[in-house]
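6 protein chains.
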Amino acid sequence: MVYVTRREVFSAAHRLHNPELTDQENEDIFDKCNNYHGHGHNYILEVVVAGEINPKTGYLIDLKKLKKILHEHVISKVDHKHLNFDVPFMEGVNPTAENIAVGIWNQLVDNIDEGRLFSVKLFETENNYIEYRGE
Amino acid sequence: MVYVTRREVFSAAHRLHNPELTDQENEDIFDKCNNYHGHGHNYILEVVVAGEINPKTGYLIDLKKLKKILHEHVISKVDHKHLNFDVPFMEGVNPTAENIAVGIWNQLVDNIDEGRLFSVKLFETENNYIEYRGE
Amino acid sequence: MVYVTRREVFSAAHRLHNPELTDQENEDIFDKCNNYHGHGHNYILEVVVAGEINPKTGYLIDLKKLKKILHEHVISKVDHKHLNFDVPFMEGVNPTAENIAVGIWNQLVDNIDEGRLFSVKLFETENNYIEYRGE
Amino acid sequence: MVYVTRREVFSAAHRLHNPELTDQENEDIFDKCNNYHGHGHNYILEVVVAGEINPKTGYLIDLKKLKKILHEHVISKVDHKHLNFDVPFMEGVNPTAENIAVGIWNQLVDNIDEGRLFSVKLFETENNYIEYRGE
Amino acid sequence: MVYVTRREVFSAAHRLHNPELTDQENEDIFDKCNNYHGHGHNYILEVVVAGEINPKTGYLIDLKKLKKILHEHVISKVDHKHLNFDVPFMEGVNPTAENIAVGIWNQLVDNIDEGRLFSVKLFETENNYIEYRGE
Amino acid sequence: MVYVTRREVFSAAHRLHNPELTDQENEDIFDKCNNYHGHGHNYILEVVVAGEINPKTGYLIDLKKLKKILHEHVISKVDHKHLNFDVPFMEGVNPTAENIAVGIWNQLVDNIDEGRLFSVKLFETENNYIEYRGE
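As you go down the protein sequences, you meet chains A, B, C, D, E and F in turn. Heads up, the first sequence is in this note's numbering, so the first residue is 4 and it goes up one at a time. Heads up, the second sequence is in this note's numbering, so the first residue is 4 and it goes up one at a time. Heads up, the third sequence is in this note's numbering, so the first residue is 4 and it goes up one at a time. Heads up, the fourth sequence is in this note's numbering, so the first residue is 4 and it goes up one at a time. Heads up, the fifth sequence is in this note's numbering, so the first residue is 4 and it goes up one at a time. Heads up, the sixth sequence is in this note's numbering, so the first residue is 4 and it goes up one at a time.
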């Protein structure tokens with residue numbers, strides 16, 4: 004068994020806000036991340052697929068194919084978007100890095116057909132990142 | 004003469020849009036950067052100060068002091084903001100990386116009192132960056 | 004369950020030396036790391052917390068809060084210090100990266116109250132790093 | 004138990020090609036990686052050793068010694084080589100990153116005598132990497 | 004005036020060899036870089052264009068356009084190639100990083116029509132890089 | 004003319020202190036960098052040599068040779084040392100990054116015999132660096 008990682012970058016805006024809380028509670032909890040018009044990041048996404056090496060190709064999964072899957076199901080939907088307004092799979096979800104990572108997992112888990120999705124890592128800044136393994 | 008560089012990071016949203024152009028022209032020129040609600044970046048800022056070493060301290064300028072100047076005049080004004088709505092020094096300016104770099108230069112040039120401002124570098128992504136030297 | 008990572012950097016001096024060994028043995032084992040006055044590193048620390056997402060905030064743990072915990076219990080005690088002389092939690096311990104990582108784990112394990120401490124990674128150089136998971 | 008990682012870099016050429024397939028099949032599967040004269044990479048290798056800290060040294064394994072093991076059994080055999088022609092342990096193997104990682108594991112697994120080999124990570128580009136844990 | 008940088012990566016094989024020297028001289032000078040079948044690198048290319056900001060767009064040159072120019076005139080010709088066999092603009096030239104940088108400059112200098120080509124930087128490894136400014 | 008850069012890393016301890024000032028003045032100016040036993044860094048050194056390409060080799064200067072010069076005149080003298088006690092060329096000098104960069108320039112300027120020394124860059128942390136060009 005091997006683990007194959009593909010790294011992609013996307014640029015998006017977001018605002019942390021829970022509509023079930025008051026404005027004051029939102030500001031207390033989310034502080035500057037609650038800025039009305041939002042702010043943004045170059046998110047770095049690392050997707051790990053686990054499985055056996057195919058003896059014919061020497062690949063677990065062709066990385067050109069994995070890249071295509073990531074672009075179709077994730078990057079084309081989030082890159083150069085505002086995560087609170089423009090992304091169907093984040094609708095009604097507060098776009099914390101934790102929730103984005105889970106959303107991306109759900110976009111991918113049924114679309115990997117060689118090996119299985121093992122981990123989604125999402126770097127929001129160079130100092131903060133999240134990993135979700137579907138547990 | 005030495006050159007001293009301080010690196011800072013800020014997270015901001017922006018939308019590229021020139022109100023003097025039609026919507027179609029804006030879309031043709033700025034493409035996905037013209038997305039209505041904006042998108043965002045972790046901008047990396049590198050500010051270079053040039054000058055003589057002070058024999059008393061061995062510094063050109065104390066980097067703790069340079070950091071404070073950058074935070075007061077730049078970072079506090081752009082970090083976790085939307086550059087089209089929240090930043091006075093970018094008002095009425097299309098927030099391309101080129102224009103942000105010039106805006107940051109103007110914020111700093113009169114506020115460095117040891118050595119002189121030599122260069123402002125602004126990385127919008129890991130593949131694209133701008134340098135402005137006041138020329 | 005998600006894994007949240009916070010990255011911090013601290014600059015410290017250290018000397019590898021076991022007082023129960025002779026000077027010759029120390030030199031044979033630790034070589035240039037045994038230099039009498041010490042040497043130093045920009046240590047990169049990555050702390051991973053594991054747990055459930057809080058549905059109210061969308062966070063496992065607020066990263067501003069995790070940063071504060073790391074600064075109070077670790078960074079303020081080791082940054083700009085000599086690990087052999089200035090750090091109570093390293094007293095009597097040979098400050099190898101392995102032992103520093105264990106020391107940092109012990110500083111943190113009872114001070115994370117949302118989720119649980121999962122891993123401490125410590126990069127001594129860009130080529131050498133240690134991970135400790137409390138096992 | 005701690006995990007110790009040593010990072011090394013080597014520069015090598017390779018061509019992806021399975022001699023049991025036709026030229027057309029090779030081109031269809033491996034595309035530009037099938038280029039007749041090959042292409043190349045700065046491969047980044049991260050080797051992880053797991054085990055107990057030795058109380059005499061404070062080390063799991065002396066990283067100078069681990070570096071020597073990596074150079075003797077891996078780096079000296081692959082650095083500045085063409086992986087399809089010059090590397091005995093890759094003979095008859097299609098040099099995908101997956102297969103190289105397994106080959107490196109086999110070179111190392113019996114040559115680590117303090118702790119045990121836990122993981123071999125191989126970065127082929129900044130966006131693609133493989134991990135193999137002997138599973 | 005601003006300086007705009009675009010970064011691209013390409014993976015290529017090469018062999019350092021001067022056919023006007025004897026085999027022994029080639030081995031003495033180029034050492035392991037003279038390996039018969041070649042070796043390879045992930046070359047990082049940074050191209051700098053200098054010029055005025057266009058008031059209509061806020062750009063010196065649209066980075067999407069600069070990326071297209073780099074792909075047409077450089078990346079498509081060198082990526083996944085062997086520089087000694089497959090690249091017309093390197094024919095008859097010993098592919099040292101110095102000579103590749105000059106070759107890339109010549110490919111680009113007449114194809115930048117907004118601003119002017121200012122600098123070509125080529126990183127062969129993380130420790131070695133070349134800059135050429137057409138001087 | 005081309006510019007060739009070689010990057011090296013060294014690990015050293017230092018303490019910022021000017022013996023001509025009082026203890027209070029030293030603490031006021033150098034703050035935590037004045038810590039009695041010192042602290043430390045992984046300094047990153049980038050040395051740039053400028054000159055013509057030698058048509059016989061395709062090199063400005065063989066990077067293996069430049070590496071040897073850097074190790075003989077700089078790295079062997081500062082790596083795993085305390086800059087206030089162990090380094091002859093820093094004797095009597097307050098080891099700020101500015102002063103170390105000038106010291107390294109002086110070690111190298113007469114020892115480069117192909118091309119000429121153009122620049123010494125010294126990164127003290129990932130956020131702070133100095134460049135000296137002998138001006």
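Warning: the hint list may mix true and false statements.
Since copy identity is lost for identical chains, a pair holds within one copy or between any two.
[To be verified] Below, simulated DSS-like cross-link-like pairs (lysine-lysine); rule was C-alpha separation at most 25 Å, straight line:
| no. | residue 1 | residue 2 |
| --- | --- | --- |
| 1 | K35 | K71 |
| 2 | K70 | K59 |
| 3 | K35 | K70 |
| 4 | K35 | K68 |
| 5 | K59 | K124 |
| 6 | K124 | K68 |
| 7 | K124 | K80 |
| 8 | K59 | K71 |
| 9 | K59 | K35 |
| 10 | K68 | K80 |
| 11 | K80 | K70 |
These aren't lab readings, by the way, just hints derived from the structure by calculation.
- Numbers of unmet hints, in rising order: Of the numbered hints, all hold.
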